[in-house]
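Visitor: Just add 3 to the spot in the sequence shown (first one is 1) and you have the working numbering.
Derived by calculation from the structure, the hints in this document are not laboratory data. Beta carbons are placed, not taken as given, at the ideal position from N, Cα and C, and that holds for glycine. Check the hints yourself; a few may be wrong.
Here are the simulated lysine-lysine pairs, BS3-like style, with alpha carbons at most 25 Å apart [stated by the list, open to error]: (1) K202 / K161; (2) K223 / K190; (3) K138 / K217; (4) K86 / K138.
Pair ranges (Cβ atoms, derived) [as the list claims (entries may be wrong)]: (5) G544 / V74: 46 to 54 Å; (6) L533 / E204: 37 to 45 Å; (7) M213 / D159: 34 to 42 Å; (8) S534 / S556: 20 to 28 Å.
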Amino acid sequence: MKTCGLVAVLAGASVVEGFLPATSNSLALRQSQPSCVSGKSKAAVGRQARAQQQQQYMVAAPAKEDTVAAVPHGGTLVDLNLKSDEEKKAAIAACDIEIYLNPRQLCDAELICNGGFSPLTGFMTEEEYMSVVEKNRLPNGLLFGLPVVYDTDREDLKPGMKILLKQEGNDLPIATMEVGEVFTPNKPLETLKCYGTSKLEHPGVQMVAMEKGKFYVSGKLTGLNRPVRDFFCKTPAETREDLPKGVDVVAFQCRNPIHRAHYELFTRALDAENVGSDGVVMVHPTCGPTQADDIPGDVRYRTYEVLKEETANPRVRWAYLPYSMHMAGPREVSQSAHSIKKMMMSMRGIHTVAMNEEERERENKRTTKAAIEEGIMERKRAGALSRMIVLKTNGAGLEKNCREIAVKMTMRVMLAMQHMMIRKNFGCTHFIIGRDMAGSKSSVTGDDFYGAYEAQEFAAANSEELGVKCVPSLNLVYTEEEGYVTADVAEEKSLVRQATLCCTLFIFKNDSDERNKMPSWLCFLTKKSLSGTKFRQMLRGGEDIPEWFAFKSVVDVLRAAN
């Protein structure tokens with residue numbers, strides 16, 4: 004029996020035995036592998052497999068019958084912008100004072116006026132603010148992720164005053180605001196509910212505690228001019244007009260330059276079962292203020308523009324969102340801290356001991372992360388993916404830890420909600436929920452504040468109410484043999500290869516000639532990875548960036564900016 008013939012039989016048998024499902028993926032693998040040309044290189048086999056894989060992904064999904072245009076959040080797309088110069092002059096003349104907007108406020112005002120934050124028609128009232136902070140909903144019950152407020156330290160603002168809001172740096176009138184009320188926000192509650200922590204090492208908490216003013220001001224807005232930026236941001240109405248009619252539109256949110264894995268991820272999203280055959284992806288990066296160590300918005304914009312030209316994919320549309328990232332992640336779970344504590348104490352593995360005040364104080368200072376690492380976390384949301392957490396820890400301090408965990412467990416969901424709501428207003432019907440979406444790391448320890456999958460779980464549970472369908476992001480890995488594949492496919496194919504290799508080695512254990520003829524593809528798939536830190540080091544050092552990791556056009560823009 005010849006080796007390649009045996010390999011073909013074993014590869015086919017492995018599918019039957021469950022090593023690989025009998026799908027087009029496994030068929031492509033079997034068809035691409037059993038070449039009796041022993042000198043065929045691994046690279047050649049890889050090119051053949053990648054070509055088949057690319058062909059597979061060009062096969063359209065079945066046409067859908069229920070494709071409808073995305074209805075704006077709340078039912079109506081808000082447009083507060085005045086059209087005529089006469090109206091604008093009259094609105095400006097009626098104002099009592101002028102105030103300059105900082106970059107974060109500028110983004111919020113623009114999205115209120117152009118309908119990106121529909122159904123809002125102004126900065127939130129105290130009732131709206133508290134309702135969104137505490138319940139993730141507007142007072143009328145409509146889901147809403149994060150409060151949208153105007154903050155100030157000024158003490159001279161009174162209800163009824165008309166304010167001319169200007170863009171900082173160029174004196175451009177952006178909007179007018181009629182003051183509704185001035186109130187003192189509950190910042191401790193806001194940070195705990197919206198960011199899951201009150202630690203200043205979290206960038207969102209820093210923003211609320213150290214950047215936002217001590218007063219919040221509500222007020223209806225009237226739009227005057229679009230802010231001047233280095234990049235052009237279309238309104239929701241303009242974006243909708245540019246999108247194809249009657250097809251699914253899958254939104255891809257990002258805030259960093261797009262590399263190969265990102266591109267593979269959002270183009271393969273078009274093959275998702277719930278996306279129509281004629282659907283398109285709308286790449287919709289946030290180009291407003293982000294974190295201090297992020298790449299500037301104008302540089303990111305240039306990377307997107309060169310990539311759009313390089314790829315020229317008719318099923319990929321591009322638009323830019325003037326949104327200030329909050330890095331907030333998911334929101335509060337439905338269970339209270341007390342109920343979680345009671346549930347946990349009833350589970351096996353929990354023990355309590357009496358503790359003195361000094362020991363209790365030490366226990367209370369333990370971080371939520373440390374508590375979670377000691378225990379076991381299970382996901383089991385009743386009906387809507389809620390969580391049960393079992394911690395092996397001492398009784399004193401348990402309630403505090405439970406309270407922090409209860410808030411942190413769903414912190415990323417409100418950011419997912421906010422992004423889904425905004426993209427819905429821009430005309431998207433689907434949204435790609437990424438792993439670790441809107442994540443944030445401690446500026447002190449570098450640890451992640453949130454878990455990786457809360458946003459995906461929340462989105463799946465609430466997509467029907469939001470009116471946006473979810474497309475979970477694929478966990479892609481790069482392999483030398485087959486290019487980008489999902490991690491589970493890479494593992495399955497490696498198992499098949501290893502099983503075949505073991506059988507072959509056993510059968511030909513006494514025949515060195517036959518062993519030497521074994522094709523190279525019998526080894527594990529060779530995975531390759533490059534960390535963001537290493538990529539930046541290579542970028543600064545002028546080293547060649549692997550083409551499998553990044554697009555050359557994007558690398559050129561980043562190098563020029565550095």
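Visitor: Confirm or reject each hint.
Guide: Comparing the hints with the structure gives:
| no. | hint | verdict |
| --- | --- | --- |
| 1 | K202 / K161 | violated, 33 Å |
| 2 | K223 / K190 | holds, 23 Å |
| 3 | K138 / K217 | holds, 23 Å |
| 4 | K86 / K138 | violated, 36 Å |
| 5 | G544 / V74: 46 to 54 Å | holds, 50 Å |
| 6 | L533 / E204: 37 to 45 Å | violated, 27 Å |
| 7 | M213 / D159: 34 to 42 Å | violated, 23 Å |
| 8 | S534 / S556: 20 to 28 Å | holds, 22 Å |
Going down the numbered hints, you'll see the structure goes against 1, 4, 6 and 7, while the others check out.
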